[in-house]
Amino acid sequence: MTDQEQELWKAFQGGSTKAFEEILEIFYRPMFDYGTRFQKDPDQLSDDIHDLFLSLWDRRAFLKPVENLKLYLFAAVRNQVFRQKKKATWMEELSDEQEYEQHQEIDYAEIRIIHSELTDERLSRINAVMGKLSKRQQEILHLRFFENLSNSQIAEILNISEPATYNLLSKSLKMFRKYWNLHFIVLLFLFIVYKFLYIN
Amino acid sequence: MNKYDLDYFLKNDEFVSLVRSGASLEGTVWENLMNSDPNVKSELEQARLLILDWNQLPSALSDNRRTENIHKIMTSVYEREEAATETTPAFRLGIWTKVAAVFLLAAGLGWFWVKQNQADYSYSGLTANAKSTLTEIKNDQEKDRQITLPDGSTVTLSKGSRLSYSDQFTTDSTRNVYLEGNGFFHVVKDKTHPFLVYTNGLVTRVVGTSFQISSDREKVSVVVKTGKVAVYRVREYTASRRDDLLLTPNQEAVYQTEQNQILTKLAENPVVIEGEEELLKFDYVESPVPKIFESLEKAYGIKIDYDPEIFKNCSITIPLREEPFFTKLNIICKTVQAKYEVVGNEVIVSGKGCD
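Line by line, the protein sequences give chains A and B.
Numbers in this note's numbering are just positions in the first sequence, counted from 1, shifted up by 600.
Numbers in this note's numbering are just positions in the second sequence, counted from 1, shifted up by 18.
Think of the hints as simulated: they come from the structure by calculation, not from any bench.
Worth double-checking, as some hints may not be accurate.
[What the hints assert, rightly or not] Each pair of labels, with its calculated beta carbon distance range:
hint	chain 1	residue 1	chain 2	residue 2	range
1	B	Pro56	A	Ser770	20 to 28 Å
2	B	Ala124	A	Ala661	57 to 65 Å
3	A	Pro763	B	Ile113	21 to 29 Å
4	B	Arg83	A	Gly614	24 to 32 Å
5	B	Ser142	A	Gly614	54 to 62 Å
6	A	Pro763	B	Ala124	49 to 57 Å
7	A	Gly614	B	Ala124	31 to 39 Å
8	B	Gly371	A	Pro763	45 to 53 Å
9	A	Glu762	B	Glu359	44 to 52 Å
10	B	Asp81	A	Arg659	26 to 34 Å
Virtual Cβ for every residue (Gly too), placed ideally from N, Cα, C.
Bound-form chain B, shown alone (with noise of 0.2 Å):
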């Protein structure tokens, strides 16, 4: 078949063109091809008159219905424009405006019916709650204020921050104590009578330990020194669920009181845990890298995760008194060219290895 074709020439936007312009075709390459073979020239003929004719092909639309259209949408274009402008200015609202007072006002009344139903968890709340009297002890100083509880443990209060506890405290099945604020407790150890700290939404149970509590309206913290740690939330506690969480030193559970959800992670400085503050006490000389992940690991009580394949081969020399865990890290993964990145409760070490 002939490459010159009707196809072709009705394909090719210049030869369309042309025609339609209705220029001669006297002068151009398409006359020298339309010359050079009677097939093409009859092919291209046909193609010529088509494109032509095409163009004069009668319209679907007759000229009475087209204005009919025309005029229907511009009346319902006018009827629109007046409905506009009859409503009052302050109906006149866009359809989103009304989608959002619509939904405004549902969740207004969403949050209405939650706070009807939802008990009062904050420290008043608790406190007028609570079955017997309270002694309040509130600390007004500028600096921290440090108290002791009937049953001998301390409690560090920051300014401004309160504690209540029950004139019970010593004979109740549980030691309950009510947190307003920032406290550092350390607990005296007493297995039959559990350490209880309501703070917001959250309870934090102990035996004996040494931890943080630091809380204000959105939040609750609670940070691990010594010893292990459980917290709750107080809806789960009272309905005696043991779904617990619990916490070892230098991890962190943030309480959020708006979502009523406990979240852990990593404390932002960790500190090394009492009684092995042996094992940072010298300096690491050719050490395999191992061998200090596990000191730290074991100081700290955080878990390190890494191939002890890979970083077999990497020996280092390393002071680990005196800085913070997390600057001892960048030290250990800057000289091994390797990285770490915290994820959840733990560390975790990525890199190459040495040779």
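Isolated chain A, as found in the complex (with noise of 0.2 Å):
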């Protein structure tokens, strides 16, 4: 962790408003992009990360000091999502998360493909692979890859063992190359019609 962060870490705690803003406005996208790995509804997760921030500040005293703030409040997003969800099946049986998700899938897979511009091709093909892999698969790849964390690091926000974290990122990475290698054979073919079509 640099020393900035350290810095704003005990300000923070000493009960420094200006000190939370900043902590916020270095972290929060990264906190929201790696919270829609696991939860879609863009709506759930600002409420989710704006109760963790709260309660961060109210806890401030109480908190242990930190080794890595990223890691840290990566954690501690993933845990409030899912006490939150956790929260929300209980009180509802069928919840509408799994309805919203399927809308997601369908959305990342075909439509986004099909009308991408062609600059965006390779990204929108990370895109729709990532949304045929479970929540799980996506999350780690997310971090490995977006946030570029190490395996330890990775085995720390999941709280699960070093080669835990290795065996989940090699399946998740077997997994994304099958749809991989799949897409890139669907896309060729599309692309060659487009041409073809735009052509004529």
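Relying on the hints, combine the two individually framed chains into one complex.
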């Protein structure tokens, strides 16, 4: 953790609203992006992160010093989302989240590929393939490649052992690779059809 | 399948870092690897592109929404801070302080309620509620004072202790005595008139024996010297319940006033039972340990739990005249490399035995 982050955390614990806002400025987006990997509803995710930060503010005097602020906040957002989900399933048998997810998957997998600009092609492809994976797999790949965290750091956030992390990563990559190659062929085909139609 | 596939590169911390840093692969082990096999080259190239692309994935959060969300959090924080400074300092108590306050209040009310409903079993309470007129004897002297009761029983009162008994002491169905402090009782035997000592919440009931009662506000201790003594809690005795606790010599009952609880244990300094002194009046020469344990058990009336099989080959020479019980036990155990522990009313001896 950088000295600047250390200072920020200390100031925040001392009650500085300015330091707190700076922490938000730095970490809000990475936390949100990470959160989308297991909470697909952006409104619910916003609420969860809101609750998390207010709880951190209330408990600031009792919080332990943290070694790595990013890892700490990532683990925190993860816990918050899962706590909320648990609460929600207690309250209503059928969560509308599942419907939302199904809808989202179609959005990723089909629509966006076809309508994407050629320059965005590879990015869409990643998104499309990601959409096919399980939440857990998406989560670990996000931490690995979007956040560039090491295996040991990922293990810390997910609260599992390093070998378990490595296994999960292997499995996720295997799935990713499967869909990746499949999409490559489909896309090539679509691209040719598209070009063909366009030219004509 | 080739070992150097897409996964291999994506899982490798060094490869990922190098690619993300934007540095060239030239002159690295990766370049050598890439040139060794065209299949590896294609996998590595795919991995490299993926890592670079991944980094550019658009955020799921629009700038507007991000600003709005952060603003919302900060607004809530400011509101909380204002609310905290607005309240007067006297009521700015932390949640735990509030919890503690409520808890204390409840505990206080509970205590008051219990006190209201609880009969007063203290010396003053018991004597005030006695049916007949009482005679009180108090020891104001510096030394112990021995008094003789109408039935001939004697009580040795410690300094500052006092005792009351009824005017109809000899004619009542039971010989009732109220004690505050410490007293050693030697009770004259009279089976038809049980002798009862009331000390705080504890009743000590005997027919004819000697025993010591020591008491203060918190507890009452009863140690039996000779004969048998039963102890009860006052509440249960008055309800004429018979779940009494029988004490034999060298056992001690400790009654805790606050908890209204009786525990029994071995007396701290067991003494030889009257009439059994002869057992320890000679030196044991090359005697088997089980035999010595038997004598001790009988002389002190304390159960010693041990395995006779283990100790049957252990023979020791030991004088058992003067030393206190536990010193004797210690000497025996050290000689045969055994251990003893006191569990409740008994002593448990364990060891490996002798060859």
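Consistency of the hints with the structure:
1. Pro56(B) to Ser770(A): 20 to 28 Å: With Cβ atoms ~25 Å apart, the hint holds.
2. Ala124(B) to Ala661(A): 57 to 65 Å: Distance hint for Ala124(B), Ala661(A) is violated at roughly 27 Å.
3. Pro763(A) to Ile113(B): 21 to 29 Å: 41 Å, violated
4. Arg83(B) to Gly614(A): 24 to 32 Å: 30 Å, holds
5. Ser142(B) to Gly614(A): 54 to 62 Å: 58 Å, holds
6. Pro763(A) to Ala124(B): 49 to 57 Å: 51 Å, holds
7. Gly614(A) to Ala124(B): 31 to 39 Å: The hint (31 to 39 Å, Cβ to Cβ) holds, given that Gly614(A) and Ala124(B) are roughly 35 Å apart.
8. Gly371(B) to Pro763(A): 45 to 53 Å: 51 Å, holds
9. Glu762(A) to Glu359(B): 44 to 52 Å: 47 Å, holds
10. Asp81(B) to Arg659(A): 26 to 34 Å: 30 Å, holds
Consistency with the previously given hints fails for numbers 2 and 3, ordered from lowest to highest.
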